[in-house]
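So the sequence lines, in the order shown, correspond to chains A and B.
Residue 290 in my numbering is what sits at position 26 of the first sequence, and the numbering runs on without skipping anything.
Residue 29 in my numbering is what sits at position 22 of the second sequence, and the numbering runs on without skipping anything.
If you are wondering where the hints come from, they were derived from the structure by calculation, not from laboratory data.
You may find that some hints are simply not true.
[Claimed, not checked] Here are the simulated DSSO-like pairs of lysine-lysine, each with C-alpha atoms no more than 27 Å apart in a straight line:
no.	chain 1	residue 1	chain 2	residue 2
1	B	153	A	293
2	B	150	A	289
3	B	153	B	36
4	B	153	A	297
5	B	150	A	293
6	B	36	B	150
7	B	36	A	289
8	A	289	B	153
Just so you know, these numbers come straight off a predicted model, no measurement behind them.
The lines below spell out each chain.
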Amino acid sequence: MNLAHFEALFIFGLLVSIVFSLINKTSPKEQLKYGSMVFLSFLAVAFVVGWLMFPFPA
Amino acid sequence: MTETIEQHQEADPGPASTAVCLEPMGLAKSLAICASGWLVPGLSHLLLGRWGRGLMFTAAVIAMFLFGVAMHGRLYDFTPDQPLHIFAFFANAGVGLPYIFAQRMGYGVGQLSSPTYDYGNTYLWVAGLLNYLVVLDAFDIAKGRKP
C-alpha cells in the first residue's frame, strides 16, 4: 500500500483522534467536539511545520 | 464506597453525560479484564458493558495495525542485544494477539525499500501504544473511577 504523506497523516490523525476523544470525554457531544479539535490540530500542525521547512533544501 | 462514586459524579458529571461509574472491582478481576483488553483491543470495554466505546477502540486500533502492516512496517522482536529495539518491541507488543498472529504468519518483516516503511513503523508503534491507553482506561472504569 503506497499512501501519499498527506493521506497517511489524514488516516493517522483520524484514528488517533477517535481514540483520544473516547478516552478523554464521556458524552457523545463532548467526544465529537474534542475529537474534531484534535484531528484538525493534527492537520494544522502538519501544514505549519511543512511550510516552516519549505525554505530548507530537500 | 457509595460516597466515592457520588463525589466523582458530582465533580465531573459532564453536560449531557448519563453514564454512571461501576462498583469498584477487585484487583484480580480488574487485572484480568485489562489482560483481555491487551490481548484483544477493545475487549476489556466490551466486558465492562461499554459496547460503543469497545467496538470503536477495536476498530481504530486494529485498523491502525493493519494499515501499518500494509505499509510494509516492521514488527520488532524482543532482542536484548539491541537495547533500542526493546522500546519498539514494547510499542509493537501493545496490540496483543494481532501482533503475535502477524509475526507467526510472516507479516511485519519490514521492507526498507518501500516509501511507506517509516509510516508503517509509526502506525504499528502507535497502534500498540494506543491500546495501552485503552487498557488503562478500562482499568479506571473497572475501579469505578470514571464512567
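Take a quick look at whether residue 36/B and residue 150/B sit within 27 Å of each other, Cα to Cα. holds (10 Å)
Take a quick look at whether residue 150/B and residue 293/A sit within 27 Å of each other, Cα to Cα. This hinted pair holds, its Cα atoms lying about 25 Å apart.
Compare the distance between the alpha carbons of residue 153/B and residue 293/A with 27 Å, and conclude whether the hinted pair is satisfied. With a Cα-Cα distance of about 17 Å, the restraint between residue 153/B and residue 293/A holds, given a limit of 27 Å.
Can the restraint linking residue 150/B and residue 289/A be considered satisfied, given a maximum Cα separation of 27 Å? holds (17 Å)
Is it true that the CA of residue 153/B sits at most 27 Å from the CA of residue 36/B? holds (17 Å)
Could you grab the alpha-carbon distance between residue 289/A and residue 153/B and see if it respects the 27 Å cut-off? holds (10 Å)
Given the hint that residue 36/B pairs with residue 289/A, does the C-alpha gap stay at or below 27 Å? Holds: residue 36/B and residue 289/A sit about 25 Å apart, inside 27 Å.
Is it true that the CA of residue 153/B sits at most 27 Å from the CA of residue 297/A? holds (20 Å)
This entry satisfies every hint, going by the numbered hints stated previously.
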